[in-house]
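J.: Quick mapping for you: the protein sequence lines, in order, are chains A and B. What the first sequence shows, in the working numbering, is residues 1372 to 1752, in sequence order. What the second sequence shows, in the working numbering, is residues 305 to 730, in sequence order.
Incorrect hints may have been included.
Claimed, not checked - Straight-line distance between alpha carbons at most 30 Å, and here's what the computed BS3-like set of lysine-lysine pairs gives:
id : chain 1 : residue 1 : chain 2 : residue 2
1  : A       : K1460     : B       : K648
2  : A       : K1537     : A       : K1405
3  : A       : K1597     : A       : K1689
4  : B       : K509      : B       : K558
5  : A       : K1619     : A       : K1599
6  : A       : K1715     : A       : K1606
7  : A       : K1689     : A       : K1666
8  : B       : K558      : B       : K502
9  : A       : K1702     : B       : K378
10 : A       : K1404     : A       : K1520
11 : A       : K1715     : B       : K426
12 : B       : K426      : A       : K1682
13 : B       : K726      : B       : K648
14 : B       : K558      : B       : K596
15 : A       : K1396     : A       : K1520
16 : A       : K1396     : A       : K1378
17 : A       : K1520     : A       : K1537
18 : B       : K310      : B       : K726
19 : B       : K648      : A       : K1522
20 : A       : K1522     : A       : K1661
21 : B       : K408      : A       : K1715
22 : B       : K510      : B       : K520
23 : A       : K1715     : B       : K378
24 : A       : K1682     : B       : K596
In case anyone wonders, no lab produced these hints; they're calculated from the structure. Quantities reported herein were computed from a predicted structural model and do not represent experimental measurements.
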Amino acid sequence: MSGSNMKDVMNRFRDVVDTPYEKLKLWKEANGKKVVGCSPMQFPEELVHAAGMLPVVLQETDEAITTGFSYIYPFYCGITRNIIDIAVKGQLSFFDGLVYADICIQNRNAACTLKQVMPASYVEYVQLPTSLTRAGVMDDTIRELERIKAKLEQLAGRKIDDTSLKQSILVFNRNRLRLRQLHELRRANPGLLSYRDLQVIVKSSMLMPKEEHTELLEGLVTQLEKMKPSSLEGKRLFLSGHLCQSLKPDILDLIEGVGGIIVDDDLYTGYRYYAVDVAVDGSPIQALAKRYLEKSLPVPTRSYLPARWEKYLVERAKDSRAQGVVVLVAKYCEPHLFSYPFVKEALEIAGVPHIMLETEHEVVSLEGVRTRLQAFVEMLN
Amino acid sequence: METQVKVPNRLNSVSLIGQMMAASFADIKRQAAEGKKVVWANGLPAFLLAKGAHMPVLHAEGLIAGLAARGQEKPLQDAAEAFGLLPDACSYARSFIGLARIAKGDFHLDSSVNQDVYSMPKPDLYINVPGGGCGTGRLWGDSVAAICDIPAFHLEPRFNWDESDLEYNIADFIRQEQELIALMERVTGQPYDWNHLKEVLEEVKKATTLRQEIMKLCQHVPAPASFFDMAASIGLVCHLVGMPGTGDLLQKMKGEVEQRIAQGIGSVPVERYRLYWDGILTWPRLGVLARKFAALDACLVVGPYTHLLFLPRADMIDPERPLESIAYNLCDTCSNYDYTYRAKAVADFCQEYSIDGLIMSETQTCRGINSQSFAIMDGVARRLGLPAITIGGDSCDPRFYSDAQVDTRLQALLETIEARRKVRQL
Ligand code: SF4
Ligand code: SF4
Chain A
1372 MSGSNMKDVM NRFRDVVDTP YEKLKLWKEA NGKKVVGCSP MQFPEELVHA AGMLPVVLQE
1432 TDEAITTGFS YIYPFYCGIT RNIIDIAVKG QLSFFDGLVY ADICIQNRNA ACTLKQVMPA
1492 SYVEYVQLPT SLTRAGVMDD TIRELERIKA KLEQLAGRKI DDTSLKQSIL VFNRNRLRLR
1552 QLHELRRANP GLLSYRDLQV IVKSSMLMPK EEHTELLEGL VTQLEKMKPS SLEGKRLFLS
1612 GHLCQSLKPD ILDLIEGVGG IIVDDDLYTG YRYYAVDVAV DGSPIQALAK RYLEKSLPVP
1672 TRSYLPARWE KYLVERAKDS RAQGVVVLVA KYCEPHLFSY PFVKEALEIA GVPHIMLETE
1732 HEVVSLEGVR TRLQAFVEML N
Chain B
305 METQVKVPNR LNSVSLIGQM MAASFADIKR QAAEGKKVVW ANGLPAFLLA KGAHMPVLHA
365 EGLIAGLAAR GQEKPLQDAA EAFGLLPDAC SYARSFIGLA RIAKGDFHLD SSVNQDVYSM
425 PKPDLYINVP GGGCGTGRLW GDSVAAICDI PAFHLEPRFN WDESDLEYNI ADFIRQEQEL
485 IALMERVTGQ PYDWNHLKEV LEEVKKATTL RQEIMKLCQH VPAPASFFDM AASIGLVCHL
545 VGMPGTGDLL QKMKGEVEQR IAQGIGSVPV ERYRLYWDGI LTWPRLGVLA RKFAALDACL
605 VVGPYTHLLF LPRADMIDPE RPLESIAYNL CDTCSNYDYT YRAKAVADFC QEYSIDGLIM
665 SETQTCRGIN SQSFAIMDGV ARRLGLPAIT IGGDSCDPRF YSDAQVDTRL QALLETIEAR
725 RKVRQL
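Take the sequences, apply the hints, and build the full model.
T.: Set out below in structure tokens:
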């Protein structure tokens, strides 16, 4: 893949990310396949794929919230308000189904409100166990996955057998593997690719057919492996937070603009999305359950006191030799609000400096944020 | 001409509830000093299972609402904010997490503050029973558990996305109850006392039945008791759930209500408007709000918070089947269904209680209780054509409340009600 090809690939990814729902609508018309929107974080997209439909992760758009205010209070998190707003405006009506998972009360309310504002649409709600120390969680997870599998079969009009589900798991694992390779390449040499571009690549993976995305990504990774990275001067930063919604690029520009180099992250539209694979031996439903229960990274939307997020974050930040951590809290995100004091305490005890920034759906003046970031980056050793 | 000052007619028995609550907090301290293991809990009264383990329970909302109503919530919220908890997080939770930090010795109150009010025995176990399936209870419970280094159990009813889910969800809840009981046996080192649980359930049955009867009596015009009285009575079926004497107090309350009906006395001096309230009361402005409504000849009569949330299915309580009884009261209730069910329940309410208008209180830091407000407004408006307003507020953080905004919107609601009446008379 030549330099210009790399540019083409990035442009293709960017094109998808910039106007996701328009592009998906066109894709659906061209391919005649059903498209299912999955709420971020915990829904196993592989199940939708195995039913012959295209799973995509619902994304927040930049659109100002207007009509949606008649359906949802302003003190809900940005992605929830935005999705309801664009649903009311009819922008999600082309989806053949929407599947929501129990990650927090705001997500639950979004699912209920979607049912209300899109009465003709298929909206499903998945309740995987959230208290992971409870007895019988494996059985409960399998039962719930089987239940939603049956619902998806009805929607797709075809059965999901073990062979097709395993096949889908392989497709997703391959994409995750390439994303991890890319992540590691960049972690070793951040000059290879801007973090902003990495975000575009991850988000596009959530919005495109995985097969097509992997093919483009493989070419990109091969090319990057051969490239000599441009050297970067700056302070090494770890980006943490944003549990389920993607970042606005302007915050990334700010971080880089004040001399920060993002070397690693635990964002949902980042490492969290591709950190772990699903096993391909044995029962595929059980493998999906295992990934959910035993392998996925600690996150405060699930209760598991023995493996709290803050401990994991300190280890990851140290591992990546970050000089500081930027904690990004999506405004009104309660799972994050309640974990932040513990994250703060753990980082302080570990001697890792951090800065906490709240992000908003609405456009806010970034001047204050720039000043705080600048001061933070300057004081890092 | 002398203008009459219209003040709310509070039920006399309501002040006894406050006394009983205060005595219970003192009792928790006494029991802890005697070496009893203590439970801290939040949410709905399924934590009454701890009674069978002879563990005293400090119920978060029971304590915090009372403190907030007396304007004593701020030191707790300061303790939480000093820890890094931002004001957008549930203010009940913030206050309780502040209390945990104080109990643990991680935060020291200013010497000018009455220390006794905030000094509660450290918990040995946390039980979270979320209202309306709010996942924030889980975050809150885990925070207290992490601060105090204790186990947390989340007794969470699964949401009835489809009505067909109910049977499974009840069975699932019963399994959770059994698991909690086993955990409590480990914490106390004692076998669970099923006989005592049965006795507790007998008192619960008596209290919840009486409470339902009192609420029904409020269908009478003028309403003999208000939403404010019924909100105070939540303590009897929540923090004080199953305590000896709760049934008797409700019996007294019922007697008072019946007497008022016989004498034609209402809960406000003049009842011109009967209103529905959705959401939690702004506890720190409780008195202000009660006086405001009375002065406007408006009575807050009914709301899901008082009428549908706390053990609303007295008919399903059978002391011989305690786990099922509790499971039904958690799983098969209005707040555990989606908007269609809720809107219908509210519309039925509005008819039964002759409601003129709806007030949807935006409990600003609670995304659980007011989640479907717009759907309810829409559903009720469609069915009955009742006018509705939203007003700002919060459960325990008065910073989200604005008197001026409430006055303006309330005025608009009452004017709309008047206009509708005129149209109907034509
Ligand atoms: S996890 Fe946070 S950002 Fe995501 S839906 Fe829930 S509250 Fe919103
Ligand atoms: S947000 Fe509301 S429903 Fe949820 S725990 Fe807090 S007060 Fe309860």
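J.: Would you mind marking each hint as holding or not holding in the structure?
T.: Verification of the supplied hints:
| no. | hint | result |
| --- | --- | --- |
| 1 | K1460/A with K648/B | holds, 26 Å |
| 2 | K1537/A with K1405/A | holds, 20 Å |
| 3 | K1597/A with K1689/A | holds, 28 Å |
| 4 | K509/B with K558/B | holds, 15 Å |
| 5 | K1619/A with K1599/A | holds, 29 Å |
| 6 | K1715/A with K1606/A | holds, 20 Å |
| 7 | K1689/A with K1666/A | holds, 21 Å |
| 8 | K558/B with K502/B | holds, 25 Å |
| 9 | K1702/A with K378/B | holds, 23 Å |
| 10 | K1404/A with K1520/A | holds, 18 Å |
| 11 | K1715/A with K426/B | holds, 23 Å |
| 12 | K426/B with K1682/A | holds, 24 Å |
| 13 | K726/B with K648/B | holds, 27 Å |
| 14 | K558/B with K596/B | holds, 25 Å |
| 15 | K1396/A with K1520/A | holds, 24 Å |
| 16 | K1396/A with K1378/A | holds, 25 Å |
| 17 | K1520/A with K1537/A | holds, 14 Å |
| 18 | K310/B with K726/B | holds, 25 Å |
| 19 | K648/B with K1522/A | holds, 27 Å |
| 20 | K1522/A with K1661/A | holds, 21 Å |
| 21 | K408/B with K1715/A | holds, 18 Å |
| 22 | K510/B with K520/B | holds, 16 Å |
| 23 | K1715/A with K378/B | holds, 23 Å |
| 24 | K1682/A with K596/B | violated, 50 Å |
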